[in-house]
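Novice: Each chain, written out:
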Amino acid sequence: MAEQTQTANSTIGAAPAAGSHRFSAQAEAELAEIVSHYPEKKAAILPGLWIAQREYGGSLSAAAIQEVADRLERPFVEVEGVATFYTMYNLRPRGKHHLEVCTCLTCACVGAYDVVHKIEHKLGIKPGETTKDGAFTLSEAECLNFCGAGTVMQVGDKYFGNLTAENIEAVVDQLRASEEHTPMKLADAIVKLHLSAGG
Amino acid sequence: MGELKLLLKHVDEPGIENLDTYEKLGGYAGLKKAVGMERQAIIDEVKASGLRGRGGAGFPTWIKWNGIPKDTSKPHYIINNADEGEPGTFKDRELLLKLPHMVIEGMIIAGVALQAEVGYVYIRGEFVESAQATRKAIDQAYKKGYLGKNICGKQGLNFELYIHMGAGSYECGEESALMSSLMGERGQPRLKFPHAPLPVIEGVWKCPTLINNTETYAAVPHILANGGAWYGAMGTERSKGTKLFSVSGHVARPANYEVEMGTPLLQLVELAGGVTGGALKAIIPGGSSVQIVPADQVAGVNLDYESCSAAGTLLGSGGCMVFNENTDIVILMKRTAEFYAHESCGKCTPCREGTRWIYKIMERIVSGGGQKGDVELLLNICANIDGRSYCALGDAAAWPIVASIKHYRHEYDYWIEHKKSPVGPNCIPPVPEVMNPLLTLTPV
Ligand SMILES: Cc1cc2nc3c(=O)[nH]c(=O)nc-3n(C[C@H](O)[C@H](O)[C@H](O)COP(=O)(O)O)c2cc1C
Ligand code: SF4
Ligand code: FES
Numbered sequence: 008m009a010e011q012t013q014t015a016n017s018t019i020g021a022a023p024a025a026g027s028h029r030f031s032a033q034a035e036a037e038l039a040e041i042v043s044h045y046p047e048k049k050a051a052i053l054p055g056l057w058i059a060q061r062e063y064g065g066s067l068s069a070a071a072i073q074e075v076a077d078r079l080e081r082p083f084v085e086v087e088g089v090a091t092f093y094t095m096y097n098l099r100p101r102g103k104h105h106l107e108v109c110t111c112l113t114c115a116c117v118g119a120y121d122v123v124h125k126i127e128h129k130l131g132i133k134p135g136e137t138t139k140d141g142a143f144t145l146s147e148a149e150c151l152n153f154c155g156a157g158t159v160m161q162v163g164d165k166y167f168g169n170l171t172a173e174n175i176e177a178v179v180d181q182l183r184a185s186e187e188h189t190p191m192k193l194a195d196a197i198v199k200l201h202l203s204a205g206g
Numbered sequence: 495m496g497e498l499k500l501l502l503k504h505v506d507e508p509g510i511e512n513l514d515t516y517e518k519l520g521g522y523a524g525l526k527k528a529v530g531m532e533r534q535a536i537i538d539e540v541k542a543s544g545l546r547g548r549g550g551a552g553f554p555t556w557i558k559w560n561g562i563p564k565d566t567s568k569p570h571y572i573i574n575n576a577d578e579g580e581p582g583t584f585k586d587r588e589l590l591l592k593l594p595h596m597v598i599e600g601m602i603i604a605g606v607a608l609q610a611e612v613g614y615v616y617i618r619g620e621f622v623e624s625a626q627a628t629r630k631a632i633d634q635a636y637k638k639g640y641l642g643k644n645i646c647g648k649q650g651l652n653f654e655l656y657i658h659m660g661a662g663s664y665e666c667g668e669e670s671a672l673m674s675s676l677m678g679e680r681g682q683p684r685l686k687f688p689h690a691p692l693p694v695i696e697g698v699w700k701c702p703t704l705i706n707n708t709e710t711y712a713a714v715p716h717i718l719a720n721g722g723a724w725y726g727a728m729g730t731e732r733s734k735g736t737k738l739f740s741v742s743g744h745v746a747r748p749a750n751y752e753v754e755m756g757t758p759l760l761q762l763v764e765l766a767g768g769v770t771g772g773a774l775k776a777i778i779p780g781g782s783s784v785q786i787v788p789a790d791q792v793a794g795v796n797l798d799y800e801s802c803s804a805a806g807t808l809l810g811s812g813g814c815m816v817f818n819e820n821t822d823i824v825i826l827m828k829r830t831a832e833f834y835a836h837e838s839c840g841k842c843t844p845c846r847e848g849t850r851w852i853y854k855i856m857e858r859i860v861s862g863g864g865q866k867g868d869v870e871l872l873l874n875i876c877a878n879i880d881g882r883s884y885c886a887l888g889d890a891a892a893w894p895i896v897a898s899i900k901h902y903r904h905e906y907d908y909w910i911e912h913k914k915s916p917v918g919p920n921c922i923p924p925v926p927e928v929m930n931p932l933l934t935l936t937p938v
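The listed protein sequences correspond, in order, to chains R and U.
Just so we're on the same page, the numbering used here is the position in the first sequence counted from 1, plus 7.
Just so we're on the same page, the numbering used here is the position in the second sequence counted from 1, plus 494.
Looking at chain R on its own, in the form it has when it is part of the complex (with noise of 0.2 Å):
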C-alpha cells in the first residue's frame, strides 16, 4: 500500500514519567472549557491530542499524550490507542509544509499521479518522506473530498484545487516562501473550532 498520512513506523516509545507537562495556561484554559461540552472527560481526548499536538511542535511524542492522558484522568495507553488510529495526528515529525496528495478514485483519473512524480521530482523526495531541510513532507491521502477540483492537496489548514503537472510547482515555490509551520497552524485552527465565540 503507498505510504499514507500515518505510517507503522513511528516511534512513541513508552510512557514517560508524569509530571514533565507542557500546556501554557492558555492550552489549559481551552482544554478546560472543551472538557465542560461533554458529560465526561474521556470525550475530550480527541481534542486533548489536538491541543498536544500544537503544544508539542506539530506531533506527538510519548510526553504529549501523557500530558493528554494525566489531565483527563486516562490510562497512557488508552490515549495512545487512540492517537495511533487516526491519521491526522502526528506520530513522528512532519516538514513546515506537509503536502498531501490525493490520490483516490477521481483525482487518480485527473491526473493526480502526475502531480505526485512532480513533486517527487523537484524535490527529491518520495510519498512518506521529508526533505533533509524539513521543510516539505509528502504523502498520497486518501479521498479528500473535493473530488470536483480535482486533483486536490491538502497542506495543513488549507486545501489547493485544480491542481495539474503544470501548476503544482509554482504552489509549491509559494509555499516554500512562507514562514508559516503549517502542521502547527492546522492544529490550532482545529482547537479554536471547538472553542465558542470568545472562549
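Keep in mind the hints are simulated off the structure, nothing from the lab.
Quantities reported herein were computed from a predicted structural model and do not represent experimental measurements.
A couple of the hints might just be wrong.
List of simulated lysine to aspartate or glutamate pairs, EDC-like, C-alpha gap at most 16 Å [stated by the list, open to error]:
1. Lys125/R to Glu136/R
2. Lys568/U to Glu47/R
3. Lys133/R to Glu927/U
4. Lys48/R to Glu679/U
5. Lys700/U to Glu47/R
Fit chain U with the ligands to the known structure of chain R by using the hints.
Specialist: Chain U with the ligands only, in chain R's frame:
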C-alpha cells in the same frame, strides 16, 4: 424532473453564509414555526415530507425522530454526521461552507422536536474551512438567540451546539463508530440492534441520540417552512424531494448539482457539461461503495433509491463519478481496494484481512503478476466479507469489486493473460510505476 434548486437556491448569493443574509432570504422561518409546534406535529411534517436520510442508507428520517423517547429523564443528543468521507462525495463540505445556517437551523429544529438540549456537529478533521464557516454561523446564531438558553424567546427552550472535529478516519462516518469517536475512543463501530438498543434509545453516553447526515438536516428547515406535503410533492412515489449530487471525473463542469429525485442519471451528466476526453465508459452513481454501471446500462437509470437498486447499484451518498473510455477498470478497482484496506478499522477479521487480500491480488494483477484463478479468488474473498463483517464498510469494500467483475470480467482476464492494460499504455489511472509481479499475499 431535472435540476431543482431548493437547498442550493441561494448558494451563490454573496453573504449567504451570514445570518442576516440567510434570514433575509427566508432563513429561520422553519425554526420560528417549529418553536410554536407540538413535538408530534413537527415529526408529522417530517413524515409527510417523505424525507429519507442523505448519508447513504436512505432510511426514513421521521422513523428515527419518532423513535426518540418522550421521556426526558435522560438527556437527549442531536448529532450531525459531517464526516463526509465517501470517495466521490463533496456535498456536505459545500453545505457547511456556504449554507451553514441552513444546516444549523435543521439541527435546532430537531432539538426542539426531540427535547434535546445539546447537539454536536461532527466534522471531519480535514474540513477546516467548512468548519470555520460553521463556527462563525453558530456564534452568530447564539448572538441572535437561536442557540443557547430560551431560544427564540421561549422560556425553558434551550439548545447548545458544539463542534467536534474528527482526526482522519473514513470509518468515523459510520454512525456507531462516530459515536465512539465523539466519546473519545478509536473510531470503531459499536454493537448494533438487535444485539444492542438502537441509538435513539441508547446512543452516546447511553442516552437517546439522533444521528442524521448534514444534507438531511439542511432539508428540514424547508419542510417546516413550507410543509411536509409541499416537499413530498417533489420526486417519485418513494423517493421524495431533491438530492444533491457531487459530479466528478471526466465531465466538463464537475460540481454539486441539486436535482429532483427521479431525474435520469444521464441528465445529471449533461448538467455537468457532458463527458470529456472520449466516449462514456461507466458511471459510479453513489460514491465508491456502490456498484459501477457500464455505459450501455446507464440510459435506464434514474436518480431515486428504487431505480438505482433495480439497476444493480445504489443511490448512496450521491457521489457520481463519471469515467470515459480510456479508463482501465481494473486499475480503478485496485485503487478502490486500496482505499478500503487503508480505512478498515481492524475490528473484525473478514474486513481487516479480506480488504488487504483483495488489495494484494488487485495489485499483483496490475503489476503483471496475475494468475489463473485470481478472479475466482477475489469473488471468494468478497463473498466471505459480504454479510459477515461487523459494519457496512466490509460490504462496501466487496460490492464494487464484485460488480466490476460482473461487468468487466474480460478486462480482468486480459490483464491476467497479457500482463498489460486492455485500454492501452495511456490508460487512466496510469499503470503503477513500480511493477512487482512477485507480490505475495503476506500481510501488508
Ligand atoms: C463506512 C461507512 C461510512 C459512512 N460515512 C458516512 C458519512 O461520511 N456521512 C454520513 O452522513 N453517513 C455516513 N455513513 C452512514 C451512517 O452510518 C448513517 O447511516 C447516517 O449518518 C445516518 O444519517 P441519515 O439517516 O441522515 O442518512 C457511513 C456508513 C458507513 C458504513
Ligand atoms: S467491517 Fe469490521 S474491520 Fe471493517 S470497518 Fe467495519 S468493523 Fe472495522
Ligand atoms: S478523489 Fe481526490 S478529493 Fe475525492
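Novice: Output the numbers, in ascending order, of every earlier hint that fails for this structure.
Specialist: none
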